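*Asks:* Residues per chain, in single letters:
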Amino acid sequence: MTIGYLFRRLLSILLVLVIVTFAVFAITAVLPGNAAIMILGEYATPDAVAALEKQLHLDLPWYMQYLSWVSGVIHGDFGMSLRLSLPVSDVVGEAFVNSAVLAGTALVLVTIIAIPLGAIAAVSRGKVMDLLLAVFSYMGSALPEFVTATLLLVVFAAPKTGVFPAGGFTAPWVSIPDFLAHVVLPAVTLGLVLMAHISRQVRSEMSEVLSSDFIRAARLKGLNEKRVIWRHALPNSLAPAVAVISLDIGYLLGGIIVVEEIFAWPGLGRLLIYALENRDLPVIQAVTLLLATVYALSNFLSDVIIAILDPRVRYA
Amino acid sequence: MSATHVNSHPAREKAVVFNATAPRLSIRNYSLAYATSNGPVKALNNINLEIAPGETHGLVGESGSGKSSMAWSIMRYLPSNAIEKHGAIRLAGQELLEMSPRQMIDIRGQRISMVFQDPSTSLNPTMRIGEQISEVLMAHRGLTKAEARAEAEAALARTGITRPKEMLDRYPHEASGGEKQRVVIATAFACEPELIIFDEPTTALDILTARQILDLFNRLREETHVSALYISHDLGLVSRIADKVSVLHHGDLVEHGPVNEVFNNPQDSYTKRLISAVPHPDRWLGVAKPETSAPLLSLDKVSVRYSPLTFKEKVLKAKPDEDQIFWGAKDVSLSVRPGELLGIVGESGSGKSTIAKALTGLNDFTGAVKFGDISVKGRKEISRDYRRKVQIVFQHPDASLNPRQTIGTILSRPLHLYDVVPAAEIKNRVRELLELVRLPAEYADRLPHQLSGGEKQRVAIARAFAAEPELVICDEVTAALDVSVQASVTELLVNLQKDTGTACIFITHDLNLIRQIAHRIAVMQHGRLVDLFDREDAQAEDRNPYTRALLDAVPVQVSLGVYETEQNDE
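Respectively, the protein sequence lines represent chains A and B.
Residue numbers for the first sequence follow our numbering, so the first one is 453 and each next one is one higher.
Residue numbers for the second sequence follow our numbering, so the first one is 23 and each next one is one higher.
The shape of chain B in the complex, shown without the other chains:
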């Protein structure tokens, strides 16, 4: 690993005595806790971690594992209630814990920089992109405004932005998600730092964009020999880009080593469980394929229009100008068989949730929906009977469960509404429902905020099944959950399907997950259905190019199969 390139700035050479043999970052016996009104809460426990020059080190863990705390500790950006018990954090041999705030300002952005999860919130909305990059160059490299601007343009060009000069004068909201993340990356690389911390940099991006950002990172890493700490919950992704990996669990570093060793031959039981929870397309979890091909639900040219009717159309009844209309979904025709699980995949804005909303009467639509012998041609025609038979589970249980109602009340509402059981039976039924989603009966008296994310999603699922539906639409129900929780929620859904024979539409952006459970997969793009195929045909030659691109963009490199038995632990 050559360090000469990294150290090419005169301003930096005075400040840093660079030692090419020492690790770029070395963390020794580091412990961190947060003071709370209930006493100190442990966040990190005796962490030892080393990153060599040019190495990309993956840090994986689920929410609450302390991986973000790790980043804040290195950046010396801890809240005032942080207690650092002992340990050392050294950057190229220099102790960061002993740095004054003034010295840290010089290190941040210059020697260690950060790339954040969501580029749309990490850029200042009222400042032009050019200024947000050049201010770093002015602060750390003492460039003049004009020099910094020229340098910012060059930095943007290196990240593959096609018209860097124009981008400088734009505001963040005038750039796409991928462009914004390129801007953040350009800023992070601007002063040619020794270490970059990536905090879930692709989580907020679409599949294809995420893939491009990863490719960009790989290229820049080759060019600059920067060291990187890559924080992620996505093991598949880390396995693809990291050289070494550390696994965090409740503040303890349970396993670390070269990425292939850890993923192929994990030693720690938590690592094993984490790896086995990662969806893999070749491991089938779903129920048996339905025998009948007669549809339960069929959509015929269903369209949802988002742009309002114009004056001309409303009053003059003029024919609309097709180019001016924004369609949330356009001419979608598909069907779901009884007991089947149909997956709908697509990037954000592809119309997959729009279809879910149309089918549950939350969006108006045109076209025809046939459900059994019920035929519906618009939102107003949706009957109570239909509503009962078609239920929906949303992505965020926090938003879909009323925070002021107990779980018991929440679950009893559909029972009352559709007269599923006599009033006297409701209490018992609520208990059965909780049992069905494997939650203790006492939960009936609790409020949503007293439950974990996974438990809340189970309640939302129980509520959908309370009405004894024939079709349940799951709209990204696992997207907000941790990997291991995601696996158990998916398993629960499949079991419920097995027991009740309910058909399911499962909307997701996770292609590996959907290939584990869906009989057929529909692919949507820009509001249109572009592909629909049996799961066995996913790799077929005649797949739509877009489907192919999506499938290729997803990493499936975690070695799997050996630990399936562990999967049921919780």
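Extracted from the complex, chain A is given alone in its bound form:
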């Protein structure tokens, strides 16, 4: 991987983000239906609308609005939340940290469970274990989050018998046991679909690797099966799994909106829904832009990881 490649990749991410700012801005500010009227409601007096328009800079031409918003964004100033009367960067920043904690937990959970599961399924191909794992995966990917969430709530968070709280949040830096108790159900809900996805991917990749010449060669060198599977086969199956995980980050970001709402997790998803319901435009813009950034960066990161996993991959 050359420095030139990294530079060009970062440049292209920047370009993507510029396009995203256009899209975000266009959809929330330029489309028909004045934002001020949408916020104040159709019975607002013209004076009130005019005042709000001035406050939102809606009286300026669209490109001036865009430029002032973008220059604010570059300086870390996303404006003031219209509803919460707080700086958007503060509101979004806190929610982002909370969401990152949840998504990160889900992702770690998925990675440490799904990859070995996929490997085990591939090794026991055609046997009972493989079948069980297949059933688990199909269920995982067939059930949408709101169904699994409800099921998990009924089983593990019923008022009397439940082991986990039904919702809420404690930061890990406040109390780790409390945080873990709160994070289990939403993280599992979020991770189930991805687990199914990724374990299937690892399984099919691994099955292919297991039938390759170099695995046969490794066995005929007299290596034990443990080394053949975990040292020779698995590393060769991971690169495609990482590619899938990075695509699934997009799915994860979508899932977070549903899951946070169900489990009352004070993250970006909940904030976005709140902002949409209340037409808090600066917050909507900031959250959308942030999600797009996360997605672009995680794709970039996955390409870097793939290059580390497979020495043949050379970006130039």
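What the hints contain is simulated information worked out from the structure, not anything from laboratory work.
Any given hint could turn out to be false.
Distance condition first, Cα-Cα at most 30 Å in a straight line; then the derived DSSO-like pairs of lysine-lysine [as the list claims (entries may be wrong)]:
#1 B:Lys399 <-> B:Lys339
#2 B:Lys311 <-> B:Lys323
#3 B:Lys392 <-> B:Lys339
#4 B:Lys352 <-> B:Lys339
#5 A:Lys678 <-> B:Lys187
#6 A:Lys678 <-> B:Lys167
#7 B:Lys379 <-> B:Lys402
#8 B:Lys107 <-> A:Lys579
#9 B:Lys520 <-> B:Lys294
#10 B:Lys352 <-> B:Lys402
#11 B:Lys64 <-> A:Lys579
#12 B:Lys341 <-> B:Lys323
Restraint ranges, calculated between C-beta atoms of paired labels, are given here [unchecked claim]:
#13 A:Arg460 <-> B:Ser355: 36 to 46 Å
#14 A:Trp682 <-> B:Pro425: 35 to 45 Å
#15 A:Pro596 <-> B:Ser85: 45 to 55 Å
#16 A:Leu469 <-> B:Ser85: 50 to 60 Å
#17 B:Asp191 <-> A:Leu469: 37 to 47 Å
#18 B:Ser397 <-> A:Arg764: 40 to 50 Å
This structure is a prediction, so every number in the text was calculated from the model and none was measured.
Built from N, CA and C at the ideal position, the CB exists for glycine as well.
Could you slot chain B onto chain A? The hints should help.
*Replies:* Coordinates of chain B only, in the frame set by chain A:
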């Protein structure tokens, strides 16, 4: 044969009671079948085979003869549907069939090791070469990581790799084909095994590299007194390195004995046929030399560039930096006469297929091609008329025949495309074409997968001749086929040439084969034409050194001439 060297490791001495008089490997009445949904399919039938200490035993046979099954049986690496009916396989007197899987793990890589056909697929692409050698030493000889690494370096040095220490830290894709095969050989010899199974170890390599690998094997064999089972379809090669040879045919061992006896005086009819099918440069099969020397096709400084135009060249129109450009072919000038067969030989990457692709409009090129009165200066200038007159046959019929079209449809397409015959005549013509390549007319309704490899290649040839071309380019058309099939396909081509007077460019890496059929031979190296000579002048003093090296690298030791009459059997 001294066994002391082989047994010098203390860890091994406890495990093996070595008997210097017993054969290293002895196979007795061994039979193997595979269970399939259509009942058991016989793979090996009552095999008896013995390999003495220090002996190299050649096992020859065509695809499907069971020679690979033999290797898997010895390694105890059979698929779950294998049925071993009876027999014994003994390594230095120890019965392998009775070994537990655990015991076999200790034997593999330590007492029996294997060298595979394709070094680029038998090495793990994501592991450094050093670890792939030292893991064997750690598993079998209980060395520490550091000891194993030092030992791996020494093993690599023994195989003639110039900078073994650097090689340890490379990944397989950072080594050349020959280097990779040396790594595999170093691994196989690492624990000083009693027996090594070579499964076509030079088939995937270039002529000169293959020659070096064979020399290496001969040297290591002298040094270690290892016994070897050398599996190959290449009789010429086996005749050069084996002491004894066994011939497998459909799972039966039809003949065995000392290599000179079997090759000079074969008893079995299959062995005879196999030997007579081996190309030999002194046995001319081709058509008479064309009388005219006026060219049908001439290439003037044809170049094919593979590296894309750089920004500087495209936009700034700057003069390209010659060192930075990768040329698939560079300034190739040659000509083909009407009715002639011109051979193009060279190693992989020499540009021989690149020229074929340029001539058929599959690659863009610069320079000039003159075909009769058609003059072409680039891919875009290639006309329909030219395309009809210049046809190509590819190496792999599996890839060049559409698997979802019947043979009849495949053959009728050029007839439609070039209006060779009126639409009503097409059916008849397809039948004639099949007849021309000696296939039954019923094949018109079959799909490619229902045909054998040789039959498929015949269909591909028929398709090329369907357009009634003046020149047919054959790009390694026999490389994927068995020896006996190869001989019959070559013969077919020559006959077609005789009947139609079509000129032919025959691209191959097989020098013995090309000297049987080509009037003139062009030699390519690194995209350039380095030599072009009449076939009679192959041994001339003033041959290019590279041509000389190629000719010297090829074994021509199978005794021939007596069995030519058998050659037409199929």
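*Asks:* Could you run down the list of hints and mark each one as holding or not?
*Replies:* Hint by hint, here is what the structure shows:
This hinted pair checks out: B:Lys399 and B:Lys339 have alpha carbons roughly 21 Å apart, not beyond 30 Å. Straight-line distance between C-alpha atoms of B:Lys311 and B:Lys323 comes to about 26 Å, which keeps the hinted pair within the 30 Å bound. Distance hint between B:Lys392 and B:Lys339 is fulfilled; the C-alpha atoms sit about 29 Å from each other, no more than 30 Å. Among the hinted pairs, B:Lys352 with B:Lys339 is consistent with the structure: their alpha-carbon atoms are about 21 Å apart, no more than 30 Å.
Taking the CA atoms of A:Lys678 and B:Lys187, the gap is near 28 Å; set against the 30 Å cutoff, the hint holds. At roughly 18 Å between alpha-carbon atoms, A:Lys678 and B:Lys167 fall within 30 Å of each other, so this suggested pair holds. Simply put, B:Lys379 and B:Lys402 have alpha-carbon atoms about 14 Å apart, close enough for the 30 Å limit, and the pair holds. This hinted pair checks out: B:Lys107 and A:Lys579 have alpha carbons roughly 27 Å apart, not beyond 30 Å.
Under the criterion of a C-alpha separation no larger than 30 Å, the hint pairing B:Lys520 with B:Lys294 is consistent with the structure, at around 27 Å. With a CA separation close to 19 Å, the supplied pair B:Lys352 and B:Lys402 stays within the 30 Å bound. Between B:Lys64 and A:Lys579 the alpha-carbon distance is near 28 Å, which keeps this suggested pair within the 30 Å criterion. Restraint check for B:Lys341 and B:Lys323: satisfied, since their Cα atoms lie roughly 19 Å apart, inside the 30 Å limit.
Between A:Arg460 and B:Ser355 the beta carbon distance is about 41 Å. The supplied range of 36 to 46 Å therefore holds. For A:Trp682 and B:Pro425, the Cβ-Cβ distance of about 38 Å falls inside the hinted range of 35 to 45 Å, so the restraint holds. Against the hinted window of 45 to 55 Å, the Cβ-Cβ separation of A:Pro596 and B:Ser85 comes to about 52 Å, which satisfies the hint. For the hinted restraint 50 to 60 Å between A:Leu469 and B:Ser85, the CB-CB distance of approximately 57 Å keeps it satisfied.
For the pair B:Asp191 and A:Leu469, the supplied restraint of 37 to 47 Å holds, since their beta-carbon distance comes to about 39 Å. About 44 Å separates the C-beta atoms of B:Ser397 and A:Arg764, a value consistent with the hinted range of 40 to 50 Å.
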